[in-house]
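Assemble chain F onto chain U, guided by the hints.
Those protein sequence lines, which keep their order, are chains U and F. For the first sequence, position 12 (counting from the first letter as 1) is numbered 12 according to the working numbering, and the numbering increases by one without interruption. For the second sequence, position 35 (counting from the first letter as 1) is numbered 35 according to the working numbering, and the numbering increases by one without interruption.
For the record, the hints were derived by calculation from the structure and aren't laboratory data. Ideal placement from N, C-alpha and C gives every residue a C-beta, glycine not left out. Careful, some of the hints might be misleading.
Residues of chain F clear of chain U, computed beta-carbon distances all greater than 10 Å [what the hints assert, rightly or not]:
(1) His5
(2) Trp7
(3) Pro8
(4) Ile56
(5) Ile75
(6) Ser77
(7) Asp85
(8) Ser94
Calculated lysine-lysine pairs in the DSSO-like style (CA-CA distance at most 30 Å, straight line) [as the list claims (entries may be wrong)]:
(9) F/Lys80 - U/Lys105
(10) F/Lys79 - U/Lys105
(11) U/Lys16 - U/Lys38
(12) U/Lys117 - U/Lys38
For the chain F half of the interface with chain U, some residues (derived, Cβ under 10 Å), not all of them [claimed, not checked]:
(13) Leu46
(14) Tyr49
(15) Ile53
(16) Gly54
(17) Ala92
(18) Phe100
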Amino acid sequence: AQKVTQAQTEISVVEKEDVTLDCVYETRDTTYYLFWYKQPPSGELVFLIRRNSFDEQNEISGRYSWNFQKSTSSFNFTITASQVVDSAVYFCALSGLGGSGNTGKLIFGQGTTLQVKP
Amino acid sequence: SQTIHQWPATLVQPVGSPLSLECTVEGTSNPNLYWYRQAAGRGLQLLFYSVGIGQISSEVPQNLSASRPQDRQFILSSKKLLLSDSGFYLCAFSGTEAFFGQGTRLTVV
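Next up, chain U with everything else stripped away, as it sits in the complex (with noise of 0.2 Å):
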């Protein structure tokens, strides 16, 4: 079975600092995909980002960066110099390819609720 486990349900930091946001998967499949996604207060999901699992290279956008590694089922997200904007809730998700190629079905962790104070 497919699962996704956040296990920081909240995080509290003060702006500038880094923080790092888990996220643990198990499944079966041999191909298949990770995402981030933002919550803001608004409601409507954020893409933030798409690994596939034959990728590992780590990814830097802009203060965003993410470490995939395959051996421990891992794929963290860190925010460096943490901004309030970034005040959200971060969702971690796994699919497989689907039937015809596509990203199929998305399995959500339960969610991590970032606060950023200024």
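Same frame as chain U, but now just chain F:
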């Protein structure tokens, strides 16, 4: 460009009343479509998905149903709402990544 529209944004309905939430997609054809629900303070749970017109798969037993009358239209319905149906409902379609609608916040009173 690909876009997804979902309405209404908020809805307050009495227990026992019917429900119809609509989702439409633009800029793509034959998308896989999904309905997710997020209960208060919790993660998202997949309710239904559809790989084509008239094809609906249910992920969890519940009081809701889904229909896909057209290629880019996905509807979530209920004949009689329960209090436990309250939550935030998100429609999504997937291609190389999953795109989500703005969501509908449903409160059953």
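We went through each hint and held it up to the structure:
no. : hint               : result
1   : His5               : holds, 12 Å
2   : Trp7               : holds, 13 Å
3   : Pro8               : holds, 13 Å
4   : Ile56              : holds, 13 Å
5   : Ile75              : holds, 19 Å
6   : Ser77              : holds, 20 Å
7   : Asp85              : holds, 17 Å
8   : Ser94              : violated, 4 Å
9   : F/Lys80 - U/Lys105 : holds, 27 Å
10  : F/Lys79 - U/Lys105 : holds, 26 Å
11  : U/Lys16 - U/Lys38  : holds, 19 Å
12  : U/Lys117 - U/Lys38 : holds, 18 Å
13  : Leu46              : holds, 6 Å
14  : Tyr49              : holds, 6 Å
15  : Ile53              : violated, 15 Å
16  : Gly54              : violated, 16 Å
17  : Ala92              : holds, 8 Å
18  : Phe100             : holds, 4 Å
The structure fails hints 8, 15, 16 (numbered hints given earlier, in ascending order).
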